[in-house]
Amino acid sequence: MIELNIPPVLVYVVGAALLPLVGRGRVRRWFLVAVAVLGLVSAFTLKPQTSWVVPFSGFELVFLHADRLSLIMGYIFSFIGAAAILYGLDVVRENGEYICGLLYLGSALGAVFAGDFFTLYIFWEIMAFSSLGLVWYSRTERARNAGMRYILFHLFGGCAFLAGIVIHYMSTGSIAVGPVETGVGYFLLLMGIGVNTAFIPLHTWLPDAYPKATIAGAVFMSVYTTKTGVYVLARTFPGVEAVAYMGGVMALYGVIFALMQNDVRKLLSYHIVSQVGYMVAGIGIGTAIGIDGGIAHVFNHILYKALLFMCMGAVIYRTGRNNLTDLGGLARKMPVTMITCVIAALSISGVVGFNGYISKGMVIHAAEESHMHLLALALMLGSVGTFLSFLKLTYYTFFRRNEGIEAREAPLPMLIAMSVTAFFCVAIGVYPKMLYVILPYPEVAMEYRAYAPGHTAGTLELLLMTAFMFAALKVLIAPHERITYDIDYLYRKAGRGVIWFCEKPLMAFASAIDTDLRRLAGSFVWFSRNPAMASVVLLNATATRLGLMKPPAHAYGYRGEEKDDLSWEVPVKAIEEPRERLSIGTGILLVVIFFLLYLIVMLTHGWLA
Amino acid sequence: MKVHTPLSLILMIACIVALVGLALLAYTYNGEIKGFYLLCGAIGVVFFLLATNVLSLIQKEGRYDD
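In order, the protein sequence lines correspond to chains U and X. Number 309 in this note's numbering belongs to position 309 of the first sequence; there are no gaps in the numbering. Number 63 in this note's numbering belongs to position 63 of the second sequence; there are no gaps in the numbering.
Keep in mind the hints are simulated off the structure, nothing from the lab. Keep in mind it's a predicted model, so treat the numbers as computed, not measured. Cβ coordinates follow ideal geometry from the N, Cα and C atoms, glycine included. Careful, some of the hints might be misleading.
Label pairs and their computed distance ranges (CB to CB) [stated by the list, open to error]: (1) U/Phe468 to X/Gln59: 35 to 43 Å; (2) U/Lys493 to X/Ile13: 46 to 54 Å; (3) U/Phe129 to X/Ile58: 47 to 55 Å; (4) X/Ile13 to U/Gly404: 46 to 54 Å.
Straight-line alpha carbon distances no greater than 25 Å define the calculated BS3-like cross-link-like pairs of lysine-lysine that follow [said to hold, decoys possible]: (5) X/Lys60 to U/Lys493; (6) U/Lys47 to U/Lys433; (7) X/Lys60 to U/Lys474.
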């Protein structure tokens, strides 16, 4: 059996480095397929181990730490990476876009196989910058602006993450990826991870940037950033109740905003927030079944969400339209896309027989077992909203009558990628044991009865009622050409405020300081030219101002004017004393003054004690 | 923004219905009551419709968000 035993990140980074050498024709296609296959082999043949340990500046950086948790992430990342590479073969024109995609995929794999926080942080940041390329390759002004907001958010998250790591290291002396002690570092790490995991209200970069990415870029982006966040959360914050309830909030918040969207990819982006909520809830519950449920949902979500982005990408590619109000009537024109999209929609909605049903059920079951009934109810309501939202998406994209739309089926590489992904959505739903065996706690997962009669009947009741209500109240959730404000409205307002503050009051203050410093420096120069004369002039000026004496007109060249009138300097020649001696004296005086100040500061701060 | 009285009245009534429904769900939640999931589905749909309609008050006409 082939066993590469190398970090999968290497395959993709080397692939990205060599890509410019293969041009843009048929060779590029085969090269990319080879990279995808090699990446799959490198991830699927890994055994649990800790290797590729590199000593660096007193630390041991671990580039390959493979255990059950990282391996399952490696499997799904490399699988969907291969599907995304295949999907983009006919769509991606520029090599740069593929390079960004490969670096993004590689760095995500580097992050999940990192054995220490510093290595994790390095890949974390590479992910942010490489994914930015996938947004900017759209080459539109909207994409450029959204990319800028995206990277600002991730830089903020990265700074918080790094600060958390440093504080954690200083308090424990360890950089191994693992649970974190409570303190400032704990909150900074949670905030840094929260940005990538799209915690409310740190989520706004996601629905802002993903819809503006390139068609293939959005498929990559829907997979890696948030799921890497969930993975790190599972390593560092398992069983934190507040995290579990944050998951419940995310599940509902994402659905509500998704229901209001007109742009298909924005709708899907809000559903990432919602579905990541289920994963976060599972991790936050922290029991074996909770962690299994959360990670199973990561696995399943990657499959169906990537598939949804592929389907909507195909629709946009063929029609040039991305708003629900402009779509419709595509069921007959793009039948394979329609079928795969319906499979993905049923999967994400947790319909019985599809993969989402398995993992959602596990998370809700874990919440019930842990007596978190409110959380379980929130997650159940989230399922209702998700089904409602995807009834809307599929109906208005494929089934609503629209005679005016022109389209044909997506290119073959796209269809292959979509069909294979759809197959696994159904396969895992029908035979969940193939997923159970690779979960972190397989023995616990095996005990979970996904198709228990009560659970199955209950889910069917819930979804049938939702479908009935959708049919009855369809008119109320019909798409409109409207823009929905999210919390990012406040961020943008605040951002404009910050820019105004920097440009107006802060700049005015800075220039005032600048002017005063120049004036002060000028005064020192003036004084040092002839300290004795300057002292006399200053004393005279002070006495005159205080009314103690009349202005000594023209004495020593002073004409009763301001001290910066340099014309008085000429008569300075009247003083015959050597300047050097005076300068030394002044210098000594200044030294003494500074020394005194230094002593005062040291004494007041107790440094001499 | 001008809000017509009938709309606000309808929203208010619907909010009360949804809140009562959610309270009923939370109270009866154990998954063993017959028709619990049907009730959950119906109340869930009403809840989401209400939430989206309330939030639509802060929407603005247009195709792009920036």
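A quick look at each hint next to the structure:
Distance hint check: the CB atoms of U/Phe468 and X/Gln59 are about 27 Å apart, inconsistent with the given range 35 to 43 Å. Checked against the hint of 46 to 54 Å, the pair U/Lys493 and X/Ile13 fails, with Cβ atoms roughly 33 Å apart. Under the hint 47 to 55 Å, the C-beta atoms of U/Phe129 and X/Ile58, about 34 Å apart, miss the expected range. Distance hint for X/Ile13 and U/Gly404: a CB-CB separation of about 40 Å, inconsistent with the stated range 46 to 54 Å.
For the given pair, X/Lys60 sits about 16 Å from U/Lys493 by alpha-carbon distance, which is consistent with the 25 Å threshold. With a C-alpha separation of about 20 Å, the suggested pairing of U/Lys47 with U/Lys433 holds against the 25 Å cut-off. Between X/Lys60 and U/Lys474 the CA atoms are separated by roughly 21 Å; this keeps the pair inside 25 Å, and the hint holds.
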